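Q: In the order they appear, the protein sequences are chains E and Y. Just so we're aligned: 27 in my numbering is position 27 of the first sequence, and the numbers increase by one with no gaps anywhere. Just so we're aligned: 1031 in my numbering is position 31 of the second sequence, and the numbers increase by one with no gaps anywhere.
Rather than coming from a laboratory, the hints here were simulated on the basis of the structure. A couple of the hints might just be wrong.
From the structure, some residues in chain E lie toward chain Y, with a derived Cβ separation under 8 Å [what the hints assert, rightly or not]: (1) Asp-24; (2) Lys-78; (3) Glu-89.
Ranges between beta-carbon positions, derived for each pair [unchecked claim]: (4) Y:Tyr-1157 x E:Phe-100: 31 to 37 Å; (5) Y:Val-1073 x E:Asn-102: 37 to 43 Å; (6) Y:Arg-1117 x E:Thr-69: 55 to 61 Å.
The calculated lysine to aspartate or glutamate pairs, modelled on DMTMM-like cross-linking and capped at a C-alpha distance of 20 Å, are [unchecked claim]: (7) E:Lys-78 x E:Asp-96; (8) Y:Lys-1041 x E:Glu-60; (9) E:Lys-58 x E:Glu-39; (10) E:Lys-11 x E:Glu-73; (11) Y:Lys-1041 x E:Glu-23; (12) Y:Lys-1063 x Y:Asp-1022; (13) E:Lys-78 x Y:Glu-1050; (14) Y:Lys-1041 x Y:Asp-1022; (15) Y:Lys-1009 x E:Asp-62; (16) E:Lys-36 x Y:Asp-1022; (17) E:Lys-78 x Y:Glu-1039; (18) E:Lys-38 x Y:Asp-1071; (19) E:Lys-38 x Y:Asp-1022; (20) E:Lys-78 x Y:Asp-1022; (21) E:Lys-11 x Y:Glu-1039; (22) E:Lys-84 x E:Glu-73; (23) Y:Lys-1063 x Y:Glu-1043; (24) E:Lys-36 x Y:Glu-1043; (25) E:Lys-11 x E:Glu-60; (26) Y:Lys-1150 x Y:Glu-1058.
These figures come from a predicted structure and were not determined experimentally. For each residue, glycine too, the CB sits at the ideal point set by N, CA and C.
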Amino acid sequence: MNNSNNAQLLKGSLSVMILRLLEDRDRMYGYEITQKVKELTAGEMTITEGALYPALHKLEADGLLTTETQVVEGRARKYYSLTKTGHTEAASRVADLSAFLNNLNLVLNLKPSV
Amino acid sequence: MALTTIQLKTLRYDLQELAHIDYHDVLTELLDHYATLTEQKMETGLSFEEASRWAWAELGSGKGLQAIQADFVRNIRQQIRRQHMGVLKSYFRWPTIVLTALVGVLVYLVVPMLSDRTLTIGLVGVTLVPLAALLRGYWYGDHHRENVDKIVWKYVYRVGVLPVNVFQIMVNANFFSDSPASARVFLQTHTSVVTMLSLLLLIYAASFIQLYQQKYVYKHV
């Protein structure tokens, strides 16, 4: 997939992806999130740090994520996890995006009219 | 492959000196990311220097890292502004407004009974109280705190210190520069209004004290 197209498509759905990943795992740190996305999409989709951290910070500021810092291998590591509101919001946003993608699919798979 | 303390210091140096990452919270997070990327590349056989160079580029180099920090600062500023509006709204309720008006009426009735000297001292005192409240913030904000608190202090300076000082100059200049006769008229006819305005200003200054005490999401040092 073209990288700039990929980035454009990713922009609107990045926060939902983060919420979904954290719904699945108790807590994750920045690098781990980028790697998980890469792994799940077999390298087709990459999240840049410049997009990831602002998205994480925004979700945290909105009260959907909470953080804890732990020292790992001599350095501090910041872990993100969902707050109670974050859990509710994650379910709702994932459902919304899923419904949107289904509708988008219907349009994209339009059969040529005879 | 865990990095050594010296290698971590090198990466920290890059972030601080080449990308000018000043905020501890951002630095901590980016250092971990930078170190993890470097370690991952070192596992493929690259030396520390080569791996860190690759990781640096992967992070977006100085420009990309600065953009992350700029976003962090913008985010915190928004939170402070939102928080401050919330604090101010919580003050401006009917009991506060009625109480302020009653104090104004009381001052209006008491003023004719006081001497000019007492009034002048009292008025200067009242107008200086908000500044004293802000000075406390200045002391803690500029000398004792760092990181997110610096952003709070800059916000307070911009929206607090300047308006308070301008107000004081306006109030005090009237009777410091005028003749004693006009100063007397000013003090006796306008003291109640000035006192009410000072009380409002005091509430405004108090909102900053409350703001200093707020916890912001990135504050975990």
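Q: Determine for every hint whether it applies to the structure shown.
A: Hint check:
1. Asp-24: violated, 21 Å
2. Lys-78: holds, 5 Å
3. Glu-89: At 16 Å from the nearest chain Y Cβ, Glu-89 (chain E) fails the 8 Å test, so the hint is violated.
4. Y:Tyr-1157 x E:Phe-100: 31 to 37 Å: Given a distance of about 44 Å, which is not inside 31 to 37 Å, the answer is violated.
5. Y:Val-1073 x E:Asn-102: 37 to 43 Å: holds, 39 Å
6. Y:Arg-1117 x E:Thr-69: 55 to 61 Å: holds, 58 Å
7. E:Lys-78 x E:Asp-96: Roughly 29 Å between the alpha carbons, so the hint for Lys-78 (chain E) and Asp-96 (chain E) is violated.
8. Y:Lys-1041 x E:Glu-60: violated, 30 Å
9. E:Lys-58 x E:Glu-39: violated, 24 Å
10. E:Lys-11 x E:Glu-73: Not OK: Lys-11 (chain E) and Glu-73 (chain E) at ~32 Å, beyond 20 Å, violated.
11. Y:Lys-1041 x E:Glu-23: Roughly 29 Å between the alpha carbons, so the hint for Lys-1041 (chain Y) and Glu-23 (chain E) is violated.
12. Y:Lys-1063 x Y:Asp-1022: holds, 14 Å
13. E:Lys-78 x Y:Glu-1050: The given pair, whose Cα atoms are some 26 Å apart, is violated under the 20 Å limit.
14. Y:Lys-1041 x Y:Asp-1022: violated, 26 Å
15. Y:Lys-1009 x E:Asp-62: violated, 33 Å
16. E:Lys-36 x Y:Asp-1022: violated, 29 Å
17. E:Lys-78 x Y:Glu-1039: holds, 18 Å
18. E:Lys-38 x Y:Asp-1071: This hinted pair is violated, its Cα atoms lying about 24 Å apart.
19. E:Lys-38 x Y:Asp-1022: violated, 30 Å
20. E:Lys-78 x Y:Asp-1022: Within the cut-off at roughly 17 Å; holds.
21. E:Lys-11 x Y:Glu-1039: violated, 28 Å
22. E:Lys-84 x E:Glu-73: Status violated; Cα separation ~30 Å.
23. Y:Lys-1063 x Y:Glu-1043: Violated, at about 27 Å.
24. E:Lys-36 x Y:Glu-1043: holds, 19 Å
25. E:Lys-11 x E:Glu-60: holds, 17 Å
26. Y:Lys-1150 x Y:Glu-1058: violated, 30 Å
Hint compliance for this structure: hints 1, 3, 4, 7, 8, 9, 10, 11, 13, 14, 15, 16, 18, 19, 21, 22, 23 and 26 are broken, all remaining hints hold.
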